[in-house]
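Number 460 in UniProt numbering belongs to position 460 of the sequence shown; there are no gaps in the numbering.
The set of hints was computed from the structure by calculation and includes no laboratory data. Fair warning: there could be bad hints in the mix.
[As the list claims (entries may be wrong)] Distance condition first, Cα-Cα at most 30 Å in a straight line; then the derived DSSO-like pairs of lysine-lysine: (1) Lys236 / Lys188; (2) Lys188 / Lys200; (3) Lys286 / Lys200; (4) Lys201 / Lys286; (5) Lys188 / Lys201; (6) Lys467 / Lys491; (7) Lys286 / Lys236; (8) Lys236 / Lys200.
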Amino acid sequence: MTRPHNATGQERPQRACDLCSVQQKAPDLRALTGCIFCGVSQSPNLPIQEIGVSGATYKGSRQQARRLVGWITAGYRPIAFIPLLLAATHWAAGEQTMIAVAAVLPAAAVLLSLFPERRFTSQSVFAAPFPIEAAEAWLQGQFSVEGRELRQIAVMAIKFDSLDLLEERLGFPMDDTIVEEFSNRLGKILRQGDLIARGKKSDILVCLGGMQAPESENLLHLSRRIQTCLDEPITKGAVRVYCSVTVGIARASQIENLTPSALIRAADCANRSAIQDGPGVVRIYKTGYGKVPSNDNVLLGEVAAALENGQIIAWYQPQVSTHTGEITGFEALARWEHPTRGLISPASFLGLIDRLGLSQRLSEVVLTHALSTLRTCDRAGFGIPSVSVNYCSDELRNPRLAEFLRWELDRFELTADRLTIEVLENVIAESQDDIISQNLRAISEMGCHIDLDDFGTSYTSIMNIRKFSVSRLKIDRQLISRVDSDAEQRKLVSALLAMAEQLDIETLAEGVETPAEHSMLAQLGCDHIQGFNLARPMPRGDSLTWIADYRSGFPTQAQVGKKPAGNNEVT
């Protein structure tokens, strides 16, 4: 095979372009003229072939001729030219040649259709997604472009929301299919010269150059367009899935000691900040993102040991019947009793436990402590009916959860109806026929109760409430606040209570802070209350003392807010 020559007749050396040098591990031969991998001409004087870059097309003479032939032979157009072609052939070469042309023409059209044009019109910059090394090489090239301002260069870090959860539910990987289809859709909205790269697993980087002012506003607008790429489902076989993405944006002008890797890290930090605020969030990098406060660093190193050495334990908040005033249970809440720092609030360490992947271990510690306390109450003669323990979605995915609960109940010689599992409303709303659904059904069939926590803040269907055998609805504090003074709030709570009564499901109002709220909820028909109006969360010893004190004054407290018999109206 002969090597190409340039216009002066000299042999033109072959080379790899910057991107292909990285992707193909080929030597980077700069200042040469054509890429031996992708065929992209590096010189405007050598229009060898047509290459698509984000839909833009560069035409060479051979491609123009090929397009003309393709246009002539497309669809039904050849039929219009057949009479003219046959007449000219008969006139020029006789009948035998005309018959040969009539036979060859259809075969030639078929053969031409077998050789598609070499184009990448659906991808951004030659092909996508490239590896991270290609993105770094591309960014380094952008930094050195004469006249290019740093504020015009940006990187978007894109992560798919809950992709691991999706794959776990489906039972097979979808990341490659999703990334490929998403990249194809991105290529249709990005500009000529932009680059798509793939990071760890399904992470996507979009590298942008030449952004126009106002840069921040345009970046936010582009990020929204990127998110709308996923409005249509992604299909693999018979499976259709809907995805959403979280976007972190970093501009080169914001980065000190600018390097390609530093810009990529900044975009990733912005993305992690966005993830903390929920799915589908967009964040632009600010100085300080990604820096963990020194206090958090210290706690991060101690929290795992605290779980094992008994520093993190359960505190208890009582729950009381509005009809009888009796104590109906306690909710177990995690607290960290640090030996030198004192009591550390849950907001300061629960996030650290999630980051370390210790949520399941935390639930085990709290459950063991709660069941131990319940047995202590039995031995002291208090007879507390039940204790509630919170479980998040990660903990509910443990395939051996029901077996573990049964084991712990047997170990403390307690029946299953003494344990209540609290599940957030959004977990129920999002659960279908996956491991969470199986676990909740198994827990209910075992005899444990299920409380639907924060009810009224999400979108649980009535069918799901019945499907998972929910025993009690815990109405969120947002709905309880000012129920005694706000008529609209009162109507909303009254409607929820009426629905629960029709479904034969008990209700509990959490976050009750005043006697007036307590009284109004009792009149509306709420079955149980929990909140500061009764007691704040307290350690085991204080809980036992509180039970004794509460029951000693029970005859007077039993009537607080008691619902009048036969009267469902509130004035």
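Results of checking the hints against the structure:
no.	hint	verdict
1	Lys236 / Lys188	holds, 21 Å
2	Lys188 / Lys200	holds, 23 Å
3	Lys286 / Lys200	holds, 23 Å
4	Lys201 / Lys286	holds, 26 Å
5	Lys188 / Lys201	holds, 23 Å
6	Lys467 / Lys491	holds, 27 Å
7	Lys286 / Lys236	violated, 38 Å
8	Lys236 / Lys200	holds, 21 Å
This entry does not satisfy hint 7, going by the numbered hints stated previously; all others are met.
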